[in-house]
Structures are given as C-alpha cells and as structure tokens.
Amino acid sequence: MSYVEMKDIYKVYPPDVVALRGVNLSLQRGEIHSIVGENGAGKSTLMKVLYGLVEPSRGRIVINGTEQHITSPSKAIDLGIGMVHQEFMLIPSFKVYENVMLGSEITRAGFINEERAKQEINQIIEKYGFK
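Numbered per our numbering, the sequence shown spans residues 3 to 133.
I should point out that these hints are in silico values taken from the structure, not numbers from a laboratory. Cβ coordinates follow ideal geometry from the N, Cα and C atoms, glycine included. Be aware that one or more of the hints could be misleading.
Claimed, not checked - Restricting the straight-line Cα-Cα distance to at most 25 Å, the calculated cross-link-like pairs of lysine to any residue (SDA-like) are:
id	residue 1	residue 2
1	9	70
2	97	43
3	129	86
4	9	85
5	77	17
6	97	124
7	77	92
8	9	43
9	9	20
10	129	35
11	45	28
12	97	70
13	9	39
Claimed, not checked - Here are the computed distance ranges between Cβ atoms for each label pair:
id	residue 1	residue 2	range
14	67	38	23 to 29 Å
15	9	98	22 to 28 Å
16	57	35	18 to 24 Å
Work out the full structure: start from the sequences and follow the hints.
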C-alpha cells in the first residue's frame, strides 16, 4: 500500500486555466522521489496541493490509507508532510521561528502569535529529532 496517494487531482484557476488535469501519484514510505517536467507543467502546483497551500478543484489525497483534506501547511505537517520551497531562502533579520513559519504563520487578530509559533516549532524539533 502506498503511504501517500494523490488520485485524479485537478486544479483549475479562474477563468479556465487548467494547472493539473487528472494527476495520479503514489509514494512509498522511506523512498526518495523526484518530479521533473517543463516550466508550467504543474509540478509546483501539485506539491502546493499536497502541502495544503492550494486546494484542488477535484480529486482525493490518501495518507496511510485514510482520505485527507489538507487545508493548510499545519495540517500537512501533522500528517508528516513537509515542503522545501524552490524559492527557499532565509531572511537574515528574522528570528529562527519566523523563518521556519514563513508562509504558514499562526495568527491572532491579524498578528503573528509568537508563543504558539514557538510551541509548534518545538513540536517539529522533537518529532523529527532536530538539534
């Protein structure tokens, strides 16, 4: 059984730009995979769907045998899915937790909830054994 399965994934941006059309992807636990293709082929969009940054227009995502609706990076991380963005770079003036949380900030009344962000970072550190 595949650990991650993306089944018949579609993503259509208004008005009618089809970024993904019926994509199927199966990933086994403990393997390393690479997705290659031309610019505009949908590689980044597919990964953004898996990471909860973009909602698919249609299709299913199954993680370890259970269908999931990944609506945010936090949900993806809880499921053991991480992503290193291709534009990855650190912002020197940011604190470590600010760089780590960039793009998936936990907010309260429109402001970053620093305490919650630090707690989430510590959970990630513990879960994956970072030092």
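Evaluation of the provided hints:
1. 9 with 70: holds, 12 Å
2. 97 with 43: violated, 35 Å
3. 129 with 86: holds, 17 Å
4. 9 with 85: Within the cut-off at roughly 20 Å; holds.
5. 77 with 17: violated, 28 Å
6. 97 with 124: holds, 14 Å
7. 77 with 92: Cα-Cα ~23 Å, so holds.
8. 9 with 43: holds, 17 Å
9. 9 with 20: holds, 16 Å
10. 129 with 35: With a Cα-Cα distance of about 22 Å, the restraint between residue 129 and residue 35 holds, given a limit of 25 Å.
11. 45 with 28: Distance ~15 Å between residue 45 and residue 28 Cα, so the pair holds.
12. 97 with 70: violated, 32 Å
13. 9 with 39: Holds, at about 19 Å.
14. 67 with 38: 23 to 29 Å: The hinted range 23 to 29 Å holds for residue 67 and residue 38, with Cβ atoms some 28 Å apart.
15. 9 with 98: 22 to 28 Å: violated, 37 Å
16. 57 with 35: 18 to 24 Å: holds, 23 Å
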